Amino acid sequence: MPDNTAPVIEVREVTKTYPGPPPLTVLQPTSLKIMPGDQVAILGPSGSGKSTLLSILGILDDPTSGNVFVDGIDVTSLAEKQRSAIRAAWIGFVFQQFHLIPTQSAVQNVSNGLLYSGVTYRERNRRAKEALTAVGLGHRLTHRPGQMSGGEQQRVAIARALVREPAVLFADEPTGALDSATGEAIVGLLAGVADRGTAVVVVTHNEEIASRFRRIIRLHDGVATEAYRGTDNKSDATAVIEAAA
Amino acid sequence: MNEASLNPRRDDLLRPRRLSFRDLLGTAWIGVGGRPQRTALAALGVALGIAALVALTSASASSQQQILNDLDALGANLVIVGPGNDATGDAVFLPQFAPEAIARQPGVRSVGVLDYFPLVSGVYRSDLVPITETSGIHVTTARPDAFEAIGATLARGRWFDDVTRALPVTVLSAIAAARLGAQVGDNVYIDGQWYGVLGILSDSGVASGRLDGAAILGDAWVRDNFAGQHSGIGEIQEIYVRAEPGMVDTVREGLARVANPATPHFVALSGASNLADARALTDDTLATLGLALGGISLLVGGVGIANTMVVTVLERRGEIGLRRALGARPGQIAAQFVGEAIGISLIGGLAGLILGVIAAIVIALITGQPIVIPFAAIVVGPLLSVIVGAIAGLQPAIKATRLSPTTALRAI
Ligand SMILES: Nc1ncnc2c1ncn2[C@@H]1O[C@H](COP(=O)(O)OP(=O)(O)OP(=O)(O)O)[C@@H](O)[C@H]1O
Ligand SMILES: [Mg+2]
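Line by line, the protein sequences give chains D and A.
So for the first sequence, this note's numbering puts the first residue at 1; every next one is plus one.
So for the second sequence, this note's numbering puts the first residue at 1001; every next one is plus one.
Source of the hints: derived by calculation from the structure; they are not laboratory data.
Treat the hints loosely; a few may be bogus.
As the list claims (entries may be wrong) - As a list, the in silico EDC-like pairs of lysine to aspartate or glutamate whose alpha-carbon atoms are at most 20 angstroms apart:
#, chain 1, residue 1, chain 2, residue 2
1, D, LYS81, A, ASP1012
2, A, LYS1399, D, GLU13
3, D, LYS81, A, GLU1315
4, A, LYS1399, D, ASP61
5, D, LYS129, A, ASP1023
6, D, LYS33, D, ASP61
Values in this document were obtained by computation on a predicted structure and should not be read as measured data.
Chain A on its own, in the form it takes in the complex (with noise of 0.2 angstroms):
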């Protein structure tokens, strides 16, 4: 007899045939769909760890939202950008395409503009007070912008726009209003000049510093009334530039000399800058402690499918020996396990996205804060989940690899 057989299927006896993807799903799925109430059981402490992660980054980062939006109120994200002085010591005015050139830049929210005021006797509630009493009450030249930059709000009537800029009007700041006794509608005596009360602010935001005690009066009045009474008329004396969340440092970095080309060095910034390093530092010590205890969750909800894993193995050496005698090698027993094991967590991971997202908007609700759920939480979420699950699963597998078919089959 010839051993050397010219049997056709020889060639192809000895070679390796392809589990495909899909297939080696299917092995895995085995275990996940075909027994669902195990696979909710086992997915749970996973689920608990990502909702946990997921509930616990949104409520900081909703808390952190909170604080964040106080701390730009107080001014965090705010520089302010004026004119510098030249070796004589006089200033270097800014141009007055500098406003919009600042507010094209990126990570900009908004611009306003204070101008340099004309310098008046007094502010008085009628004519006949005699000039040398003092009101104690100055005056301001605001542009329309101004108003939403510097973060003012209104008691009562409105801010300048572009009609009113150009009137003998005046909005009042709260102590101004206060001490002349005034209301919307009145009128007030400025230099020979009656001037209508437009509105009166309740605060001056940012600007409390020029604003307080003041009556403001609109830009384009200034300049076309008090036009030489000295060289700053019409000129810029603040731009008050609000950055968009975080943007505060990139903002601030090229403001002179987009404000200022020609000479940038003659540009002053300033701004409330251990504010801002007040807010760097919340935004690391929150993310950090959710992050830290979602991943404690974790870690227990991944010890429990290992656990599960382990118990799966034994029970089902019997498939294990039985796919070995089919044909499947140790590496493709080893795949369907640890695809199964990730198949349980990733189950728990969007199950436990779901239920971090619900819990992140009830304590949002509840505690008042902004609802803001991290993009990240949701990326990362299912992502450690299959982490989670491939690292609980390996061990397990391992071990159904190393199981000879015969013991295998013969364990019932």
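This is chain D alone, in the form it adopts within the complex (with noise of 0.2 angstroms):
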């Protein structure tokens, strides 16, 4: 890895607190950075503060104090014109519910990844393809999603995260409503993409397919740990974790 690598995302001191009454603070200061291919699971029971954490490092959602960087840019203080444009060009979710539109046929879902990133049509038509043909879909290009299983579904809204090349791939829960079997294959799919240098970070309450991941941060109560993994060759790259009550 070169020296002047920046964390793909990286929050400091981040908090959360939703606002009353009465005001409940669901994230204690937090700190963290997401390197290049990482291998992230975020693990907690429900109501840990998971999704809030998740929401606050894809800039979907703003902490109530601390900062969050891109690539190295202090995105806290951006317009929401340029977050929009970093979402687009850096970022890519996948959601336990799929949010397929039902509609649209699976290449027209995928195609959406490109939408607001200023590709031309026939171009995201094209890439479209190819990424489905990567998740193993090559045969259901024109199914819209009433007509495909629980994991298809998912693999063509992960299909739609990975068409934009993303820096990094956040994942909710993404076999939280699929059976054990088509979950392990998610799970595979997307361990898998880091190794194309995208980095993944996953959100699980599931012990199992978090010890798929190289990293594994814990949450309680809104507290972050991060378990050290001596496995780990990429150390310099692993977070520090800074949780304090």
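Could you fit the two chains together into a complex? Lean on the hints.
In structure tokens form, the structure reads like this:
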């Protein structure tokens, strides 16, 4: 890894308090670096603040305090227009509920991943077909979400996130709506993404799924701790977790 | 670690991307074409509004046209040009080129001429009636073009043409024919000359004052056979000028100068000006009525679309959150939903236009009025539906952009 590699995403001392009444602090001050090609699992029980942390990392939501850096740029003070541009160019999302558009075919859904990135229609279509083939759905191009199984739908959603070639892919409980065998295949697919240089951050409450990822960050009542895993030879790239009450 | 990364994508990272108009239409179409049944139901209100607008304005235009036709027949579009009098009271005759010059003016539909008539002792069925017994029938001189301009109709026979205008023939008004008991083909006796009856009028149009009770002689015959009887023989007595619909005022304006460029102030203009006023009045009231009724129906349609869009934005919060996560700016989300509302409304507008035109034709056929579909209604209908859609979609679209991406994504 070259020395000048900045974290794809870094948060410093971010907190989140939902305004009440009564105000609810769901994330204690947290600092975290996600490096290129990282494999990160965020593990914790329901309500521990996993989705909240993921939204802040993915600049979908603002932290109450602290700063978020994308490729070294402090985005906390940026205009919405520029934050949107960063989402379009840098970040991919996969959700538990797939969020596919029911009236569109698989190809159309995947090409939506490039819609706000300034890519032409033809190019979007071409790359969408490629991305679908890459997730093993080359034979389902014209199917609509309603004509596909849950696992297939989630693979369409993953193709939509990957077609952008994001620097980082966030997945919030991507297997939550799937049976365990199908979920297993999806997790394998996501873990493999990191091999192509895209950092992957997966939220789960399943220990077994988390164990497939190189880094595991545990959340409990808004406090994050990272279990250091000696097998990781990228130790210089791993995060410094500063969890304070 | 150096945080000022030299990652080549960095320059590009903050640059806002354009969403092409075509792609914007694509996002708007998802909601319009994706659920045809919902679109049809939501568009129904606007369709009925535009249909009402088109049908009502067309129907009122039809009945208006009917009234205008009737008014024009009465002379609302008529201007009569005649010689004026100079300071000594003598008639200043119009030049012979006047009718042709007037006919060339824009807005003039037809021009017809009556010439000064010769003085005769009487019109009789036989040469044996003593001239001291007057028949009560007078003589008038007309040119072939007068027939159309005055709006006369024939009961039998024919009117003058380029040949018969120079022959000893006469066209009798209905009254004259009845008094004389004459038929087409009979002869009548006027001042020592037999004239064949060429035709008999059933209606004298706007020249009833001159033609009723008259035996009409051709202008060329009068010029050739009564020359020198008095100074007016061969001169123009009246030019009947008919204007195109709505053009009568324009036509009237320049008429004196066109008719007699040398001495335009010695030209006498007359016409049924209060009929023309009535025409201008009906123009306004009927059109306003049509617009008002259509506007009300359209307002109801717009509220229907606004309603649908509010529900749509609620239903599709997940999609809105997803698009934000994909990098859509709030304005692009708003444009999508405004576009969708416009799309629904425009479909309604086009359907309404077709419906309205059909209704207008049916109404016109039933009432026996002329089919008139104002061009403005065809343009304004769809245009109005676009405006209605934009207004109806605006508030729900803004609401969609106010939604934070996380809140939107959570809503399932
Ligand atoms: N908009 C909000 N307003 C108030 N409280 C909120 C809001 N969003 C989340 N919370 C609260 O914050 C806490 C953390 O929520 P979060 O969704 O991050 O948990 P999670 O770890 O993802 O849970 P799960 O595994 O069930 O998805 C929860 O107690 C939740 O009720
Ligand atoms: Mg969650």
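Hint check:
1. At roughly 13 angstroms between alpha-carbon atoms, LYS81 (chain D) and ASP1012 (chain A) fall within 20 angstroms of each other, so this suggested pair holds.
2. Distance restraint check for LYS1399 (chain A) and GLU13 (chain D): the Cα-Cα separation of roughly 32 angstroms exceeds the 20 angstroms cut-off, and the hinted pair is therefore not satisfied.
3. Distance check on the hinted pair: LYS81 (chain D) and GLU1315 (chain A) sit about 25 angstroms apart at the alpha-carbon level, beyond 20 angstroms; violated.
4. Taken as a hint, the LYS1399 (chain A) and ASP61 (chain D) pair is honoured in the structure, with Cα atoms around 18 angstroms apart against an allowance of 20 angstroms.
5. Under the criterion of a C-alpha separation no larger than 20 angstroms, the hint pairing LYS129 (chain D) with ASP1023 (chain A) is consistent with the structure, at around 18 angstroms.
6. For the given pair, LYS33 (chain D) sits about 18 angstroms from ASP61 (chain D) by alpha-carbon distance, which is consistent with the 20 angstroms threshold.
In terms of the numbered hints stated before, the structure departs from hints 2, 3, listed from lowest to highest.
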